[in-house]
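Novice: In case you want the letters, here they are:
4 protein chains.
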Amino acid sequence: MIIVMKDDATQEQISKVEERLIDLGFKTHPITGDVKTVIGAIGDKRLLKTHGISLMPGVEDMIPIMKPYKLAGKELQKTPSVINIGNITIGGDEIIVMAGPCAIESEKQYLETAFIVKEAGAKILRGGAFKPRSSPYAFQGLEEDGLKIMYEARQATGLPIVTEVVDTRDVDLVASYTDIIQIGARNMQNFKLLTECGATKKPILLKRGLCATIEEWLMAAEYIMAEGNKDIILCERGIRTYETATRNTLDISAVAVSKELTHLPVIIDPSHSGGSWKYVSSLSKAGIAAGADGLIIEVHTDPTNAMCDGPQSLTPSDFRRLMNELVRVSEAVDRKLPL
Amino acid sequence: MIIVMKDDATQEQISKVEERLIDLGFKTHPITGDVKTVIGAIGDKRLLKTHGISLMPGVEDMIPIMKPYKLAGKELQKTPSVINIGNITIGGDEIIVMAGPCAIESEKQYLETAFIVKEAGAKILRGGAFKPRSSPYAFQGLEEDGLKIMYEARQATGLPIVTEVVDTRDVDLVASYTDIIQIGARNMQNFKLLTECGATKKPILLKRGLCATIEEWLMAAEYIMAEGNKDIILCERGIRTYETATRNTLDISAVAVSKELTHLPVIIDPSHSGGSWKYVSSLSKAGIAAGADGLIIEVHTDPTNAMCDGPQSLTPSDFRRLMNELVRVSEAVDRKLPL
Amino acid sequence: MIIVMKDDATQEQISKVEERLIDLGFKTHPITGDVKTVIGAIGDKRLLKTHGISLMPGVEDMIPIMKPYKLAGKELQKTPSVINIGNITIGGDEIIVMAGPCAIESEKQYLETAFIVKEAGAKILRGGAFKPRSSPYAFQGLEEDGLKIMYEARQATGLPIVTEVVDTRDVDLVASYTDIIQIGARNMQNFKLLTECGATKKPILLKRGLCATIEEWLMAAEYIMAEGNKDIILCERGIRTYETATRNTLDISAVAVSKELTHLPVIIDPSHSGGSWKYVSSLSKAGIAAGADGLIIEVHTDPTNAMCDGPQSLTPSDFRRLMNELVRVSEAVDRKLPL
Amino acid sequence: MIIVMKDDATQEQISKVEERLIDLGFKTHPITGDVKTVIGAIGDKRLLKTHGISLMPGVEDMIPIMKPYKLAGKELQKTPSVINIGNITIGGDEIIVMAGPCAIESEKQYLETAFIVKEAGAKILRGGAFKPRSSPYAFQGLEEDGLKIMYEARQATGLPIVTEVVDTRDVDLVASYTDIIQIGARNMQNFKLLTECGATKKPILLKRGLCATIEEWLMAAEYIMAEGNKDIILCERGIRTYETATRNTLDISAVAVSKELTHLPVIIDPSHSGGSWKYVSSLSKAGIAAGADGLIIEVHTDPTNAMCDGPQSLTPSDFRRLMNELVRVSEAVDRKLPL
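Protein chains in written order, with my numbering: chain A, 568 to 906; chain B, 568 to 906; chain C, 568 to 906; chain D, 568 to 906.
Keep in mind the hints are simulated off the structure, nothing from the lab. Be careful, since some hints might not be right.
One copy or two, it doesn't matter: identical chains are merged, so the pair holds either way.
[What the hints assert, rightly or not] Simulated pairs of lysine-lysine, BS3-like, Cα-Cα distance not exceeding 30 Å:
1. Lys845 / Lys583
2. Lys634 / Lys903
3. Lys634 / Lys583
4. Lys573 / Lys594
5. Lys826 / Lys715
6. Lys903 / Lys573
7. Lys645 / Lys594
8. Lys583 / Lys594
9. Lys645 / Lys715
10. Lys715 / Lys637
11. Lys603 / Lys641
12. Lys603 / Lys583
13. Lys603 / Lys634
14. Lys845 / Lys903
The whole structure should be built from the sequences, with the hints applied where relevant.
Specialist: As structure tokens, this is what we get:
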């Protein structure tokens, strides 16, 4: 940590800051320049209450040097994490595509879609049983009935499933049905939910919050990991910006940045970020080319009549065509996408 | 609702869209221009699944005309809501200041602060027992012990209290101690928590999410109101923008906009938005001058040693000085702030 | 255009709005619903001063239906524009890579780099002679001497050149040396500069402003096209968001959106958007996979000693490696990138 | 400046960075911690090309300590600047209101408005002769004819005038008519225009760019000051955020932040930021209460027929009412606003 003193800080003020740092367990190294003094403080700020130092007389600024996350970063683990789900691995050579409808609407709809996406090459089934909707008057999901339908599709297709949990009270219930627990963008800083999911042994799909920095996203992962659950798949799903032409702005740079900062695998959600089926193909290819480990794509057999997010859902035929195109892009960046 | 057809939409496509709208219960009014056709559709989109129409062949865009919220808006209630908490009212002539430390740290600290802010003119005590922290290694609050201390301060000072709930499982517990339940910015779209709080009879302080639009904020209020709880106090606490000179950007326009769109009272949080005690005075005065109904301000007897948010806390003497200044600003905009 | 009347608008107010619209040359179609009336107005809002209508008594909102750009959109031209520069085409099958240093520093530096990027497969040379720098104390470019060096490199390599103009007074000078005139992000709404560039016959590389919407970007193109110059290459170079891990946030969705809205070719600038050489490879591949028609990449023979933007420049060897990788990604999306 | 080395940086890498810093004229102070080494470098980074250091092997990050602006900051001048325009001062005790229509439309319109705003208490006349418009088909201003009309109003009313320049070629022309030259938001980083205005002796009204940080805004001021012109009035006019309920988001915190970082006066533009006459009153009061030195407000005698920005213009009667209200708010914060 670096403490920057004001230009007119007195020697006494500087000494008091040093004393305080020493009290907190830091070793201090003052550097005196022509205009100002800075104090280097060595120690682990993660364990100490240091914010108050910025309020001491003569202090201009406090600059952290160490990353605030430990388990999610590369300090302790330099090699990429590979997450195992059944006989599938995420974060290895293979590009994993998760697909399915936004919401579970009925047994018939879900099973039909499940077989379609499986045949097209998806390796994991997605679907929402608990839906966080911005309007209280919108369809909120089939809840446990939806989980049961997903489980049935899991048994019928042999594919693992991923579904969202939105309430701490439902974590055990959801975990009892699903292979991967999804934490949605709106809950990325629902810290109690993170902690609760960290206590399960299920892999977690952690979506980035709509206005979360990459650092905050990794801190959310740190919450889960601090509970002992290391199996986290990051999912970039678009951030909120001033641009209204798309639902959100896919932060494609987040793929390269997260590969640099963390050992965790990262996938892309081209459906929610763009908000339109028209952009899914372009964003999916971009995601794989950028280095993502997978995709999560919304597919609906009848988007016009979907109960949720129809406009961003691919039809089965568009999904099949896309999967074939993705095989080629995957190979162009030395990854595999076996259909 | 207005359906905009593409320039090259065929008559058959237009007819199919009309048929579909009629099936959904709308009355349709097509308008044919030189370049394109638009279809006016009369009916309440809040009750119908209409998203799919945007996917019908020939459709370019779908534009909603009605506001998506009903209870929070002025359609059903045109006069401002006034919320009663004990013998205090929020949304009336009087400016209400809520004050106290970010977190409850100890009985001694909290009671001392409670009496200080009461004497300075605060009408409601704030304090955090459950703290949503971005790091799992940071102080997370005293939980129920903190609630007990707050309750003790409530009895000792006679002032009502406001504190945050972060987990659906704790709503009843928090409601049993507090006069006002706070829903924090990070939980503004934690819909289960909104619903749970809507089921209590306690007034709700609803902070705006860090990247929530004003419309989404009102939809969050709608969630609570749809459960039967009409006592909602909106709180603007800064939104996330590209500017890093302040912790967040106080959206001062939100005061005037929310006064136009809703009957609910709105207050300002100058502490979290600016992120520094240095800006609290300027932002507080701006908030009242803009028309806000109150403020929620962090005060700490020893900010340098605070366990949470010290840098943005006022000292008791700064708070006293500010309150005296606020009296004058309040009067300048025809409001009262009796100390 | 749709005029939305307030719920409590009187019949007289509605009639006055209709009269006004008719005066302005519109045909009107009122639609009366249970709650409110909307008026469809047919005519071209681009030619009329219509803003004032939103101020008429009883009017709640005014919603444009037609796109504000005409020449840049697909209304008049549905097929993609292909821009010819010498024997190169942009917007056709081939992916065009423009490369070179951020700034022209010396004849030796520039010619050496020019031959390196040519050999690696770049088809156009980039370089800055007039540099817009956020600090007045930073290197501002060699100005005309820089243009002369670029021209020399053009003659020596046979490759066309692209360079930025930042002042209306320099447009003719720059146009006399360069094959493509670049309008930088900070000048995207310098309308006089757009108009001046529109009066030349040189193709224009139009970078998107740091906080420009895609619509505003196309309106900037419209400014140029309205002067008779149709040869515009759009360049997405990252937008400003709250995320600080990268210099800007590359809006990869802008590729698909601009392909939908306009016939103009679009390229990606992975250097300025990410702000670090570490992210250039990932973003370049993403750009091509997303459907961009080309890239503009900063290459420096000695980034550590570059006078400008060294941290985001590729070394020659990294650039060569990247070009080989881009060949494969291009082919995977049915494009060609001949080295 | 602080150079942060990577955790695994070798001693040789650390030594090379030190050598390089010493070559560039810095004194170095390495600090070795348990996990990593940081190097304190004393010297003035404003004069040196130091970016390249971040590319040296073993370097993780480079953190500047000194502010990048010198003349605009408080390092050399700690007392507030007071700008004199005729017998008016900006930055002193008095709140200065600038008012007038968005665009000069005719002699009659402008003179009428000029007398109205003067009588209501405005001390400076605003008006646009050169209008930067997002559409090439919109009214672009009367240009020199407009300047002549403004000058006539100046002579008739005795009030100084402020008007915008948008082209380096027009700076001398505009300076020959106006008392204050306005640099608009879209040109805040048109560095040639800044430099050209810096060469005049006229005070400059420098609007903040739509997505400019406060630091970039002060660097724009630095460009002007580096040319010898110290008379700069900062103007906060709203920044671009994701919120669409207002045209832009007034960053009210910028008042307090700029008061802390610079000695220059700062005013608020409530018209462009909110984008609606409905919000002008609330934002104006907030601006003064926050500590701004003045306001610039759009007033039109017939907003419904205005050629530009009618929806955000106040009518004469609304302006008069507002001025009376502002007197009270000014006094409440110990400022004067004599009508």
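Novice: Each of the hints needs a verdict: does it hold here or not?
Specialist: For each hint, the structure was consulted:
no.	hint	in the structure
1	Lys845 / Lys583	between (61 Å within a copy, 22 Å between copies)
2	Lys634 / Lys903	neither (33 Å within a copy, 42 Å between copies)
3	Lys634 / Lys583	both (26 Å within a copy, 25 Å between copies)
4	Lys573 / Lys594	both (21 Å within a copy, 19 Å between copies)
5	Lys826 / Lys715	neither (36 Å within a copy, 42 Å between copies)
6	Lys903 / Lys573	neither (56 Å within a copy, 33 Å between copies)
7	Lys645 / Lys594	within (28 Å within a copy, 34 Å between copies)
8	Lys583 / Lys594	both (14 Å within a copy, 25 Å between copies)
9	Lys645 / Lys715	neither (39 Å within a copy, 46 Å between copies)
10	Lys715 / Lys637	neither (37 Å within a copy, 34 Å between copies)
11	Lys603 / Lys641	between (34 Å within a copy, 14 Å between copies)
12	Lys603 / Lys583	both (16 Å within a copy, 25 Å between copies)
13	Lys603 / Lys634	both (26 Å within a copy, 12 Å between copies)
14	Lys845 / Lys903	both (25 Å within a copy, 24 Å between copies)
Hint check: violations occur at hints 2, 5, 6, 9 and 10; the rest are consistent with the structure.
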